[in-house]
Structure formats: C-alpha cells, structure tokens
Amino acid sequence: MEAEVLSKNEELLKRALYRERQARFKAEDILEKKTKELYVVVEHLKKQITDRIEAEKVIKRNQAQMIQSEKMAGLGQLAAGVAHEINNPVGFVTSNLQTLKKYSLSIKKMISEYDSLVSSVQSKDIEKSVSFLTELAKTKEKEDIAYILDDLDNLVKESIDGTNRVKEIVKGLKSFARLDEAEMKEADINEGIESTLKIVWNEIKYKCEVIKKLSPLPMIVCFPGQLNQVFMNLIVNAAQAIQEKGTLTIESFVEKEDIVIRFTDTGSGIKPENLEKLFNPFFTTKAVGKGTGLGLSVSYGIIKKHKGDIFVESQVGVGTTFTIKLPMKGAAL
Amino acid sequence: MSYKMLCVDDEPGVLQSLKRLFRREGYEMFFAGNAHDALEILKKENIHLIMTDYRMPEMNGVEFLKKSIEIHPESLRLILSGYADAKVVCDAIDQGQVYRFLTKPWNDEELLESIRQCFEHIKIETERNSLLQQAKQEIKA
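As given, the protein sequences belong to chains L and S, one line each in that order.
According to our numbering, the first sequence is numbered sequentially starting from -6.
According to our numbering, the second sequence is numbered sequentially starting from 136.
Check each hint, because a few of them may be wrong.
Stated by the list, open to error - Selected chain S positions facing chain L (Cβ under 10 Å, derived; list incomplete):
#1 GLU160
#2 GLY161
#3 GLU163
#4 MET164
#5 ASP188
#6 GLY217
#7 ALA270
#8 ALA276
Keep in mind that the hints were calculated from the coordinates and are not lab data.
These figures come from a predicted structure and were not determined experimentally.
For every residue, glycine included, the Cβ atom is placed at its ideal position computed from N, Cα and C.
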C-alpha cells in the first residue's frame, strides 16, 4: 500500500518536472526569438544612425558648396565689370608712361645741348656759344618743350590717380573675398559694406546714387567674407531693381542687442505674391542667365548661421527695404 | 585737308592720354566725355573717324554709334573698350557697324598703327569715289 502511494507520488513528480521542463524550453525558445528580434532592431537602428550622420555630412557639404558656387556665380557676373574698371586706368597709365618716355627724350636732348652751351661759355668761345644758343632755341621749339612742361604735372598726377584706383580695386577685391578665412573672426561690418561697394561700384554707378549712413559699430565675431556676399547680393539686386536712375540708401546702426543694416532702394518693388517666395532657393524673376535664384536663399542661410535675421518690406513702384539684424554677441556656433 | 577724329570716353584720364598720344599725328582731334556731347560735335563737324568707349552712362557705345550713323553714315567707327563679352562685340558689329573693335588696355604703337590704317582706308575710299565720279562724268560726256 505504502509502495503504491510512493510510486504514484513519484509519477506525479515526474510529470510535474516534465511539464516544468517543457515550459522552460518554451520560455527559452521565446527568449531566444525575442533576443534575435531585438538584435535585428538594434542593428537596424545602428545603420539608421550612421546613415543619418552620413546624410547630415552630405547636406553640410552641399550647403557649403552652394554658398561657394553662388558666390562664384555672383563674382563671375561682376568680373567683367571689375575688368573694365581696372582696364581703364591701366590703359591710360600705360599710355601716359609711353608718352613720358618721349618727353624724357626731348628733355634729355635739351639738357645735353644746354651742357654744350655751358662748356662753350666757360671756354669763352663766343661764336660757338651763339651757335649752341640758337640750336637750343630751335630744339626747344621743335620738341615742343613748352607743351611738355605744361603737361608734365598733369600727366604724373593723372597716372598716380590711375594706379591708386587699381590699388583700391584690388584691395577691395581682397577684403571682399577673404577667401583664406574659414573661421569666424572679429570684423567691422561697415568696413565690409565699404569694400563690397568698391567691388560692385562699376555695376551700380550709372544707375544709382548711393547714400551711406553708417554709424560706428562695435566689432563682431562673424564670417566677414560671407556677410560681404550677402551685402553684394542686396546691393546688386537693388541696382537691378532700378530702371533708369534711383537711390540706394545703406544704413547701419546699433539697436538694443543687435547691429542693424538696412538697404533701401527706390526701385520697382516686389509684388506681394512674390514676397513670401523671395528667400526660396531658385526663385527668381530675373531673365534666364541674369540670376541663379540662389542669391537671397544663400543670404538667408548666411544670416541664420550668424543667429541673425533678415526681412523685407516692399511696395510696387516705390521701392524695397531689406533689413538685417545681427546679434552683437556674435553667433557662437 | 587734315582728317578729323572724335574720341568718346567717360573717363577723363583716358581722353587725356589719347590727346597726348595723337598730339603729333597731324589729325584734327575732338574729344567728348559722353555720347550726348559727341553727337553735338558730330552735327557740327565732318568727322572721318569715331572712336568710342562701350560702357558709358546714359548711352552706351553701340547706341551712340547707331545714332552717329544717322548723322555721318560714311564715318569709320571704332570701339575702344575694356569690356568685351561676345554679345557686346556682336552688337558692335551688327548695330554699330564698327570697322574695328579695340581693347583696353591698349598698346600705343598698335593703336596708332590701327588709326593710321583707318585713315589710309578712308583715303583710298575717297579716292575711289572721286575716280568713280570722274569716270561717270567722262562716260556722260
């Protein structure tokens, strides 16, 4: 009887054990499956993250390229103008120097005859002296010394003016481009406006009178070359908006925590329906080949990068005002 | 008879240097700082040769030459410019009917030689015309 009970118990125990083992196997199975699933998910996430990092890198690179290519397109349009601006003074200065060479030959001839006259006077040879004197008078007439003497100062003055102009243009170009500056640095915004004006002067001088109201500004930490690119866009746009003749007023001042730069033109104005699209990439109302449609969108990007703001007010037939606000604290990136 | 040449450029420095360059060439020289003044001169003087800049305020060189053709169609026209993209050159040829397109900065000797050749061309043209005239009259007689 006792043995019977025992074996029954054993039987029960065995069964219970079996059930438990079955359950454990099942649980382990599920766990393994879940672990596998989790592993796949983690791998997927990892890939997503690396893809994303890669994509961000590409976007950053593309943005940098876009800024650069927009700058180059803008510069390309200006290059012809700058070339003209340089070729004029180089042309007349070169020609003046050639003329000066001829003048110097004439003057040297006079001096050498004068020397002969002096030595004949010193040796008291009256006959020779008289003959040299007449010769000298003849040469003076023939070489048109009076004209040369009259013209000489002007020639030199005009040539110095010419070379100074070339110097200014090149200086402007250099400070405009600031190609070597990939990092932020302290700069004077007014200086940037002035050097940009020098570069675009040839584009705008026949169309607009530029009124500058630049108040002294504190130096701010920025990408000076990129800000100049923004100024160039706004100035050239303003000039292009002016049909015949108009004015462009450039103001700069400090307001609370910001430096404010304002470009106001008396051009044709922007239609209300175009105002909101103005900063979109590739939006342009200019003729094919006249604009990339990137100028303002790149400008917008540059100002945002400086933690600043850019906005526009415009009235058709009256003109347009672009206002830029840059935080004086600079754009700590 | 001395030949008359008109130089048009909005850049005083350029006009001054051209004045110096052509001073002893024996041409009768006229200078204008803009297209408007140049047209006034053209109305008064029988100019043989016009040399103009392209980029000028109000009226560019090609527009000016177009107007000059109405006054003096027989003049020879040149452009002397530092701004020479293909479109400008084409316009100069098509609309301005230019004889030569010269570029800035120029070389003095080459410029002088070009101008001498221009006047040579004008001289031959005038001779040819007068000979033709003569021949016509002889045929009539």
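For each hint, the structure was consulted:
With 10 Å as the threshold, the beta carbon of GLU160(S) stays out of range of chain L, its nearest partner Cβ sitting at about 13 Å, so the hint is violated. At about 14 Å, the closest approach between the beta carbon of GLY161(S) and any beta carbon in chain L exceeds 10 Å, and the interface hint on this residue is violated. For GLU163(S), the interface hint is violated, the least distance from its beta-carbon to any beta-carbon of chain L being 17 Å, above 10 Å. A distance limit of 10 Å between C-beta atoms decides the matter here; for MET164(S) the minimum to chain L is near 14 Å, and the interface restraint is violated.
Interface restraint check: ASP188(S) against chain L, minimum CB-CB distance 8 Å, threshold 10 Å, status holds. Interface hint status for GLY217(S): upheld, as the beta-carbon distance to the closest one in chain L is roughly 3 Å, under 10 Å. Checking ALA270(S) against chain L: minimum C-beta separation of about 43 Å lies over 10 Å; hint violated. Residue-level restraint check for ALA276(S) is violated (minimum Cβ-Cβ distance to chain L is 49 Å; threshold 10 Å).
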